[in-house]
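Residue numbers (my numbering), protein chains in the order written: chain A, 1 to 257; chain B, 1 to 203.
Derived by calculation from the structure, the hints in this document are not laboratory data. Note that this is a predicted model, so its numbers are computed, not measured. Even glycine gets a Cβ: it sits at the ideal position worked out from N, Cα and C. Certain hints may be false.
Stated by the list, open to error - Facing chain A, a subset of chain B residues (Cβ under 10 Å, in silico):
#1 8
#2 14
#3 17
#4 23
#5 48
#6 77
#7 104
#8 108
#9 110
#10 115
#11 142
#12 143
#13 179
#14 182
#15 193
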Amino acid sequence: MLTKRVIPCLDVKDNRVVKGVNFLNLRDAGDPVELGTRYSDEGADELVFLDITATIRSNKTIVELVEKVAENVFIPFTVGGGITKADEIGLLLRSGADKCSINTAAVRNPDLLAEAAQRFGNQCVVLAIDAKSTKPKKNKWHVTIKAGSEPTDIDVIEWAVKAQQLGAGEILLTSMDADGTKAGYDIELTAAVADAVDIPVIASGGAGTLESLAEVLKRGKADAVLAASIFHYEQYSIRQVKEYLAERQIPVRLGKN
Amino acid sequence: MIVIIDYGVGNVKSVTNAVRHIGCDVDVSCEPEDVENADGVILPGVGACGYAMKVLGPLADVIRKVAINGKPLLGICLGFQLLFDESYEHGVHQCLGLIAGRVIPIPPGLSIPHMGWNLVKLPENVKLFEGLGSEKHFAFAHSYYADITDSQAAVAYTNYGIDIAAAVQKKNIFGCQFHPEKSAGEGLKILRNFECICKETSD
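In isolation and in its complexed conformation, chain A is listed as follows (with noise of 0.2 Å):
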């Protein structure tokens, strides 16, 4: 049976991992390549590396951090942050990446997925969508883009079924609203994505009880979670959580001890 995964988030600026809450007061959370190694090592099921200052197209120093990082990650990895072009993602496949997100870029040029899909084949074409609810309508919820900054009125599930047609093979789904708060996820935003589609869908934004966790997997039908301050301020280990789903009867794969 195919697993739910466990996927820790680096959110990385200047060389460093930091993390804010709903995108703003970022702070310091260590190092990429020894948090990176140290995911890999424990048992995470993929990991994420995200440039939040989006310069991945302008940026030596970031393609040479995901060569690092990728030097000791033996789990899937997947790179974003600012990629425009297919050829971006050829240079980051090259540097040790498996799969790239892309975000703002695919929102002003949908073309983008499908070419990306075409070259590279659509398991690596990871569409992040920003999420943010259309208040005061219930259950409604509009893409954001440039890392949350602007909002659009695309609906979130028009774009995520349009993605998939054009050729994406999975969802990174953040709740602006939920992230960095620890309040849990966007149960009803994953649910309604999951819903919409059929490529696997990453529930992001919001992680912070171990029963948040297994809501979003369970109610919100996501295929994966990712998490980030809840791992780098070690409030719990990827053992712990993988063995809170288990169980659950959630199925993850524990690993080694």
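Since chain A is already given, all that's left is putting chain B on it; use the hints.
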């Protein structure tokens, strides 16, 4: 020396990182001469079969020849799919034809691609899986799978709605649909086993 074939398709770097990590002497190349002189060959790759065969070009014949002559060959993911007769991904494409079978789409029903860690039942007496026990989780990322009809092939299966070939061995030819280079310690163990197989064959 193990040669990893770099033909511009996919995550060659990930495979190289993993093989280097286990302390193996490795060369990344697309030169026929290097392939012919290697103790063993790893054929990685992600993406579509037709495109990969096109990019391989004349190197496909070199790989076929050295494999038939007994050199250990390990195909990974798309490299695994290329071992079979033909692929039905975006049309019908001839592959290397080293193991009888065809590559067809995973039937709809579950999320596609088949993405993540799935439990693989490992057959006994396959050197590639030595020391791994009867079942382990490995990392998958694919939308097509190999329907293997070769009676000489030993096959490891995983279940994803249907039984899916996760790995194969036919004599000196090995393949993994999953990514050993991305399957943590268990995956590295498989690469170590392959290195041993290469050493034994070259001695």
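These are the hints, each one checked on the structure:
1. 8: Holds, about 9 Å.
2. 14: 6 Å, holds
3. 17: Result: holds, 5 Å to nearest chain A Cβ.
4. 23: 14 Å, violated
5. 48: With a closest approach of 6 Å, the residue 48 of chain B hint holds.
6. 77: 9 Å, holds
7. 104: Constraint on residue 104 of chain B not satisfied, violated at 16 Å.
8. 108: 7 Å, holds
9. 110: Holds, about 8 Å.
10. 115: 5 Å, holds
11. 142: 6 Å, holds
12. 143: Since chain A brings a Cβ to about 7 Å from residue 143 of chain B, closer than 10 Å, the hint holds.
13. 179: 7 Å, holds
14. 182: Holds: closest Cβ of chain A sits about 5 Å from residue 182 of chain B, inside 10 Å.
15. 193: 15 Å, violated
Checked against the numbered hints given earlier, this structure breaks hints 4, 7 and 15; the rest are met.
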